[in-house]
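**Student:** Each chain is listed here by its residues.
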Amino acid sequence: MGAVAALLGALAVALAWPIPVALARAAWPARAPGLALALWQAIALGGALSMIGCLVVIGTTPDGSIVDAAASLLPHLLTGPLPAEFGVIDVAALTLAAGLAVHLLLNVAATAARAERERRRQHQLIQMLTNPLPGEPGTRVLAHPVPLAYCVPGLRTATVLTEGLVAALSRDELRAVVAHERTHLDQLHHLVLLSFRAWHSALPWFPIANRAERAVTVLTEMLADDGARRATGPAVLVGALTLLGSSAEPGAYADTGGIAPDSEMLTARLDRLETPGPELGAFARSAIVMAAVLIVAIPLAAMLAIVG
Amino acid sequence: MANLGDLERSVMEQLWASDATLTANELRDRLTLVGDAGERSPATTTVLTVLARLERKGFVSRTRDVRPHRYRALLSREEHTAELMHEVLDRSSDRDAALARFIGTATAHETATLRRLLDELARN
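Going down the list, the sequences are from chains A and B. Sequential numbering from 1 applies to the first sequence in my numbering. Sequential numbering from 1001 applies to the second sequence in my numbering.
Bear in mind the hints are in silico, worked out from the structure with no lab data behind them.
Looking from chain A toward chain B, a few residues come up when the C-beta cut is under 7 Å (computed):
#1 Leu125
#2 Gln127
#3 Met128
#4 Leu129
#5 His144
#6 Tyr150
For the chain B half of the interface with chain A, some residues (derived, Cβ under 8 Å), not all of them:
#7 Gly1005
#8 Arg1009
#9 Met1012
#10 Phe1059
#11 Arg1077
#12 His1080
#13 Thr1081
#14 Glu1083
#15 Leu1084
#16 Met1085
#17 Val1088
Remember, predicted model here, so these are calculated numbers, not experimental data. Heads up, the beta-carbon is just placed ideally off N, CA and C, and yes, glycines get one too.
All chains should be built: construct the whole structure from the sequences, respecting the hints.
**Tutor:** The following block contains the structure:
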């Protein structure tokens, strides 16, 4: 038990600090943004699982398994007193584990619910105020001079461009912007970001949460850029991005909160479009996939080992 | 076939175009549905349904102390557009840049108008 708890504790610490810091600094994610995004997801999920798992293992030590501990604790939970073999540390660890799990889940639910409410209002306004862009299904134009493009994800989706944006761009550049937004929608980037946004709001004092959300935001922008590049070629996209800057696409997800793409992110995006690095080799790719799988599998396996 | 969304939009267009408040019957007379049987006005009950939905969504306000109830647009089209733009621009980390670029693309005449409006704002 002690060894399992130590393993999970070490993994939780590694996933909470040195690993995300290294990944946020690494250069390879720009060459394989999809893989990097998967690895970030694994780090967030694996980090939460190992943190909670470590506490559960410590707390259930007296009975040696989760099922036995639940059987001896649950009947006394409301009536008390708790069985004598559970000391203060055990009870504190279990309380913390339950509290952390509930806190994280509630934050995901609250973040998702708020985003959904804000998107419903967006759709109401979009339906009332915008006109379809001819030749681009699902794309609407808003009569406003400030150049801006964004998309509203969800079950119902919409891409919104302002008249100012349509006037500023050539036909091809406009196609690139629409393809960029459509990639956000097709690849469900809002769901990818949701967990990081929730993580950030659940643990605002956590130094890595901000950095992780930032890194993930850049990666979704890069993936959307790849979608646009496939539609129009890199030169047109670079032209549109240079002309508009980062402010014209303030994050694509039509809800408040979260980190919006800024000029520093734009520089990184332009760099990789103008001088793309070599494709990541097969070995490196499989190593990343393996790492992502292990990060989630290890805490799951450790907890399964003490279930019964 | 007009769906409820299209009808909501047509009702708002009429309310935005009208200076006075309107009753459901007045609105019905100003609306035309294009269907299989040619053009016709929607039923008054349909218009009332649409108005209730618009009121719930915060687009329309209703005067209840007279019969029949009179309706008006709560905000102008421009104010709703500003609401939408605000929500999106508020998320921009680089809001000033968005406005700066907008001013960069403005003509001399538009810039003069902006300057005049800003001066007025500053005086008030």
